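As they're listed, the protein sequences go chains P and F. Quick note on the numbering used here: the first sequence kicks off at 1 and runs consecutively. Quick note on the numbering used here: the second sequence kicks off at 1001 and runs consecutively.
Bear in mind the hints are in silico, worked out from the structure with no lab data behind them. Where hints are given, some of them may not hold.
Said to hold, decoys possible - Partial list, derived from the structure: chain F residues whose beta carbon lies under 8 Å from chain P: (1) Gly1037; (2) Gly1209; (3) Tyr1306; (4) Arg1317.
Predicted model, so just to flag it, every value in this text is computed and none were measured. For every residue, glycine included, the Cβ atom is placed at its ideal position computed from N, Cα and C.
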Amino acid sequence: MNHAEGSEPDADVRARLAAIPGVGQLEDRGDALWIAAPELDVEAMARAMTALDCRLATMTGLARDDGETTIIYHYLRRGLAVNFKTATRGGAIASLAPAVRPASWIEREIHDFFGVKFVGHPNLAPLLLPPGLKEGFFRSPEPDPAPSGEP
Amino acid sequence: MPYTIPLGPYHPALEEPYKVSVRCVAETVQQVSVNVGFSFRGIELLVQSREWVPAVTLVERVCGICSNVHAMTFCHAVERLAGIEVPARARYIRTIISELERIHSHLLWAGLAAEYMGFQTLFMEVFALREQVMDLLETISGNRVNYGMNRIGGVNRDLPDAQPIIATLAAMAETLKRVLVPAFLENATTRARMGGVGPLTREQAIDWGVVGPVARASGVEADVRCDHPYLVYQELGFKIVTQQDGDVRARVVVRALELLESIRLAIEALRRIPSGPLRAFEGMPRIPQGEAIALSEAPRGEVFYYVAADGADKPARVKIRTPSFVNIPALEAMTIGQQFGNISLIQASVDPCLSCTDR
């Protein structure tokens, strides 16, 4: 995957991304833009990306040692991929679900896996959580022994 | 008086478990809620305990239909992260397997759609045709499912002689044009059964963020093969298939026409494939610290992988977003206002994969 020919993010796109509250350094890695934004205003980000005709492809959660969760918002449009990397504050972050339909299931999954509280989500019910496990089970999973090859 | 009927998790139209609760007034659907998670296997978590090579084997098990695209997209992300350049012959082989996989997946779906309509003769025709592409995949990889073709840096196996494969695909294209495409596009029964059923407008498709044939059937011109080029699709001159009606029939037409385009792509790749090495290196991969994303167009639409590495011999994090994960929620938009008796057909038209969705 690369930026489609002739469609590298132009100066206008970069300027509009840089104007989102909380956006820090933009890094172009050839295949995608990566934006470190610890204090990102995610609702402003969602509005700006909608205006840029970008679609929320998914979000990735990554457990941090301090108990918080890194959240990466992955946006796509033809020839452009943008990844915003931010983090929860006090285990919570604003929900995009009221404004962005695909965010609903994505946030419910991250809630299941990492226990993140998405503030304002209309229905943060378990989506994939297996019976007997608690939200956040990706943080301290039981060790899974790799197959030994023995019967 | 309104009533609610639960469909599933053991489903009348699908072999995989999920639950759709439908609230109706008379025969008209007013409200829909979908429950998934019955097939959760925790693959994203398990892969963090596998070294890089068995990790490829594990992610290939995300799906039994589009297994290749998962292993391949994972490899793409790792190769980008590590700066590994895949040899040209391997990129062609990956393209060929990807299109054969799409052909078998679309034919599987077309056969099931025919059965849901009660069109048994068409079901038999389609599955007989599908058997030919399954034979090709078995000839190439040794397997009918989970082909094991991908490795980080290239492919595990070379292709056999291309000419018999080209001849089989050309014969399949003729049968498709003569039997299957007219049956889905022109036959009065299929038109009457599917036209106007389960509509999803272009605006709704964008709002719900659907991908793949579901999006293209609603007039959204989106396909990873074109939007974020990978492998050799740019060299082969890829064409996006779209329809405007957004109903079940449009989803059928998109897949039927994509079958012909996939056969063209596979034949073109088989004719152009260069000689050369199959992989960038031998032995175990060494993956440095870093992160990368990769996208592929699976049979059901866009597959997204995020891979992070911390320099160890295992992935630090693998995030998998499958097309069904974003297509299934849009069933709500397709179903409300529809007749209860059409729900199974509408659900089938999305070609939902619960194994993918739940992982």
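How the hints compare with the structure:
1. Gly1037: This interface hint holds because 4 Å falls under the 8 Å limit.
2. Gly1209: 4 Å, holds
3. Tyr1306: It holds, given that the least Cβ distance between Tyr1306 of chain F and chain P is near 5 Å, below 8 Å.
4. Arg1317: Interface hint status for Arg1317 of chain F: holds (5 Å vs cutoff 8 Å).
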